[in-house]
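Could you put together the complete structure from these sequences and hints?
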Amino acid sequence: MDNTLLKIEHISKFYPGVTALNDVSFTIDKGEVRALVGENGAGKSTLIKCIMGVEKPNNGTISLNYNGNWVSGMDALQTQAHGMFANYQHVNIAPDLSIAENYFLGKVPKTKFGTVDWKKMNEESQVIIDKFKMDVNPLAKIKDLPIAMQAMVTISKISVNKDIKLVIFDEPTALLENEKVETLFHYIQELKQQGVSVIYISHRLEEIMDICDTVTILKDGTYVDTKPVSEVTKESLVSMMVGREMSDIYDIRHFEPGEELLRVENFGDDHHFRNINFSVHKGEILGFFGLVGAGRSEIMRALYGVERHTTGAVYLKGKETRIRNPQEALELGIGFLTEDRRADGLALPLEIKTNVNMNSYDMISKSGIINLKREEERAEEFSKKINVKTPSIHQLVSNLSGGNQQKVVIAKLLCRDPEILIFDEPTVGVDVGAKEEIFKLIERMTEQGKGVLLISSYLPEVMGLSDRLIVMSQGNITAVYDKEQMKNLTEEEVLMEASIEE
Amino acid sequence: MNKKTSKTGVKHFYQTTEFSLIAIIVVLFACATFGTKNFFSEYNLMNLLKQCSITGVLAIAETFIIITSGIDISVGAVTGLSCMSVALLQSKMGVGILPSVVIAIIIGGVCGLYNAAIIYEFNVAPMIATLGSQTIIRGAVKIISEAKTISGLNKTFTGLGTGSLGYLPYLSLIWIVVAVFAVLVLKYTIFGRNLYVIGSGVEVARLSGIKVRKMFYSVYCLCGLLCGVAGVMLAARINSAVPTGGEGYEMDAIAASVIGGASLSGGRGAVTGTILGTILMVLITNAGTQFGMNTFVLEVTSGVLITLAVVVDQLKARKA
Numbered sequence: 001m002d003n004t005l006l007k008i009e010h011i012s013k014f015y016p017g018v019t020a021l022n023d024v025s026f027t028i029d030k031g032e033v034r035a036l037v038g039e040n041g042a043g044k045s046t047l048i049k050c051i052m053g054v055e056k057p058n059n060g061t062i063s064l065n066y067n068g069n070w071v072s073g074m075d076a077l078q079t080q081a082h083g084m085f086a087n088y089q090h091v092n093i094a095p096d097l098s099i100a101e102n103y104f105l106g107k108v109p110k111t112k113f114g115t116v117d118w119k120k121m122n123e124e125s126q127v128i129i130d131k132f133k134m135d136v137n138p139l140a141k142i143k144d145l146p147i148a149m150q151a152m153v154t155i156s157k158i159s160v161n162k163d164i165k166l167v168i169f170d171e172p173t174a175l176l177e178n179e180k181v182e183t184l185f186h187y188i189q190e191l192k193q194q195g196v197s198v199i200y201i202s203h204r205l206e207e208i209m210d211i212c213d214t215v216t217i218l219k220d221g222t223y224v225d226t227k228p229v230s231e232v233t234k235e236s237l238v239s240m241m242v243g244r245e246m247s248d249i250y251d252i253r254h255f256e257p258g259e260e261l262l263r264v265e266n267f268g269d270d271h272h273f274r275n276i277n278f279s280v281h282k283g284e285i286l287g288f289f290g291l292v293g294a295g296r297s298e299i300m301r302a303l304y305g306v307e308r309h310t311t312g313a314v315y316l317k318g319k320e321t322r323i324r325n326p327q328e329a330l331e332l333g334i335g336f337l338t339e340d341r342r343a344d345g346l347a348l349p350l351e352i353k354t355n356v357n358m359n360s361y362d363m364i365s366k367s368g369i370i371n372l373k374r375e376e377e378r379a380e381e382f383s384k385k386i387n388v389k390t391p392s393i394h395q396l397v398s399n400l401s402g403g404n405q406q407k408v409v410i411a412k413l414l415c416r417d418p419e420i421l422i423f424d425e426p427t428v429g430v431d432v433g434a435k436e437e438i439f440k441l442i443e444r445m446t447e448q449g450k451g452v453l454l455i456s457s458y459l460p461e462v463m464g465l466s467d468r469l470i471v472m473s474q475g476n477i478t479a480v481y482d483k484e485q486m487k488n489l490t491e492e493e494v495l496m497e498a499s500i501e502e
Numbered sequence: 001m002n003k004k005t006s007k008t009g010v011k012h013f014y015q016t017t018e019f020s021l022i023a024i025i026v027v028l029f030a031c032a033t034f035g036t037k038n039f040f041s042e043y044n045l046m047n048l049l050k051q052c053s054i055t056g057v058l059a060i061a062e063t064f065i066i067i068t069s070g071i072d073i074s075v076g077a078v079t080g081l082s083c084m085s086v087a088l089l090q091s092k093m094g095v096g097i098l099p100s101v102v103i104a105i106i107i108g109g110v111c112g113l114y115n116a117a118i119i120y121e122f123n124v125a126p127m128i129a130t131l132g133s134q135t136i137i138r139g140a141v142k143i144i145s146e147a148k149t150i151s152g153l154n155k156t157f158t159g160l161g162t163g164s165l166g167y168l169p170y171l172s173l174i175w176i177v178v179a180v181f182a183v184l185v186l187k188y189t190i191f192g193r194n195l196y197v198i199g200s201g202v203e204v205a206r207l208s209g210i211k212v213r214k215m216f217y218s219v220y221c222l223c224g225l226l227c228g229v230a231g232v233m234l235a236a237r238i239n240s241a242v243p244t245g246g247e248g249y250e251m252d253a254i255a256a257s258v259i260g261g262a263s264l265s266g267g268r269g270a271v272t273g274t275i276l277g278t279i280l281m282v283l284i285t286n287a288g289t290q291f292g293m294n295t296f297v298l299e300v301t302s303g304v305l306i307t308l309a310v311v312v313d314q315l316k317a318r319k320a
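Residue numbers (our numbering), protein chains in the order written: chain B, 1 to 502; chain P, 1 to 320.
In short, the hints are calculated from the structure, not lab data.
One thing to keep in mind: the hints can contain errors.
Under 10 Å between C-beta atoms, here's a sample of chain P residues computed to sit facing chain B [what the hints assert, rightly or not]:
no.	residue
1	Thr36
2	Lys187
3	Ile190
4	Phe191
5	Asn194
6	Tyr196
7	Gly199
8	Glu203
9	Leu207
10	Gly209
11	Ile210
12	Lys211
13	Ser263
14	Ser265
15	Gly266
In silico EDC-like cross-links for lysine to aspartate or glutamate, where the CA-CA straight-line distance does not exceed 16 Å [claimed, not checked]:
no.	chain 1	residue 1	chain 2	residue 2
16	P	Lys211	B	Glu307
17	P	Lys187	B	Glu351
18	P	Lys211	B	Glu124
19	B	Lys110	B	Glu124
20	P	Lys211	B	Glu376
21	P	Lys211	B	Glu328
22	P	Lys187	B	Glu376
23	P	Lys187	B	Glu375
24	P	Lys211	B	Glu331
Beta carbons: idealized from backbone N, C-alpha and C, even for Gly.
In structure tokens:
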């Protein structure tokens, strides 16, 4: 009997000006967990869309072995009807509906009168929620949940389906905390045992080593190779992805901290965080680690003047300062790279040019009139500096890959030349190559004497880059480590501090 | 590399909405010129220009709002209010031309500020907020006019509505001034750029240090002021003010913007497109009438055109 589940044959996909996929062919067996790796722009997301029938490839065929019959050329509805499901990179669920309603979207259980069987729906949802250890009410609205929980809902939603043949996970762990990652891995193992095939996309190569059987490498839209995970190392994978060896990407130069730039005393907002004290100096990277809900992003939002704080004070270069809105924060030299670049970092329908200049138009204009030449020059200069891969600064940001979008946000930040930079999860959904560039950039910033606040949920990253590390749990600072102490620090110790309950 | 786009990833001119519109307008114009007796006459062409002008100003006002991903369906009502105000001020209160015009325009601006307050402070969807104000204003117009037609406007003033500079009606002159102003604002000012950013996402705008509240008030006020201008133009053109003045104008304004390439989801829209959209809409009715087409059929044609414009746009977006 044929053990192949999916055949991808000579797939090509062209967009105006871009070849996203070029003659890609490979097959996937039943019950196989296949990793798909490649840099941003390698064509992973496009390939997924082609497999799911969301995009139509220009050439080639994709066929599914559906109980012994080969089916090909399916559209988005047909693929789902044939047991193919995808968990996309961007949380894609109805924000105004409850978890239960989202689970059963399009397949609502009915009572014998033909009305919605709410009881059954909620009970079955509760089963899924328990299975995924989510600890939420099935009636909770999606928009009221933290983004990590939303991501978990999209993942667990797949298990509602019966007769699953193939599940695709596109960066499922980008927004998850460690414990939930475990739950996800457990679910993937379960799928595998049921004979379901899994395509797993992640930039975190450790994960791939842990849970995948085989790995397919894509580079610049072309197929490179498929290998059993047992035959590759992280280093060999990276070199196949980018065509060069991975040095230790966290190994950046550190500098002697200078004078104090920012100090926060007894900072609190009555809700998300309390009694927060820290300071950051010139040339210093201050890391923040915590699980989701620890209050790190909220502190930064309060610092940046988006939200209010109720207690404590902020000192800029020793002087007490009130920051009432983002505009004041920007004027005082604070730049903020937010966690969710699509929701609040980028103007997706607009050109790169406008995005790069977005928060610094006052610097290139006189009485409200923009110097168009300077606008273009600055967009060119900064997108080049940060290595944004695009044919032109007039390209719409919505057409860029995730990593390039992130670079545009960083370019926008640097355009104002702030002294204090807040990076909230700067490498979420960003490939190894772009990650390395971002780290180099942070290095360059500190060399210039800027102070960096770095939030990351990815321990190796935040431990590797920071000069000092603050660990938070449930709105409190539970530990602070300096460079010396961090040398002998294990990830377990940090995780312990991050999970301290009040 | 796909041949359809240039190396820089920028659209060629022949791929733009503007190019398609110009092509359609030229063809229609040619057909009407050679196919009918009266279309290409001084009288009709001047009339065509005048018909365009008032809708044209409103469409530009609407484009500003649509760029921010809002919509203002009170523009017709505000036009009617400003029209009635200028008529009442001149005929019943004996106010001079300039003060009456200024007051009427300011009234338009105040209506805009009111819309902004409801939308921003109470977080009401623009469609609903302006639906409310539209109804309020329509009622108010009938109250202040006692539901009567007001005539007896200053003769010099109404000369503005009928007169022309050479072959260019004064009304069209105003339209051109407004259009040039709008093009400059959108292209060269921070205010203009910020409108597009707000249209892409209010949160993005806020975090980029844009004073979102001020922007909302400014843009709705600007829209109101332009409606005020349109109202004054209307009064001058028809030499009176009717209680139902400006009714339905909002739909023409929205249609012209959308045909011209503005996107109701925000972040997209241009004055040149809106101008061409206006001309096309008016041209279809005008040329159709010259061809002796049934008015009801013309209405259907306009509707089909609006739908087509949006569908073609969607198809293009899908391709890109």
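- Message: For each hint given before, does the structure comply? Return the numbers of the non-compliant ones in rising order.
- Response: Per hint list: 1, 18 and 20 violated.
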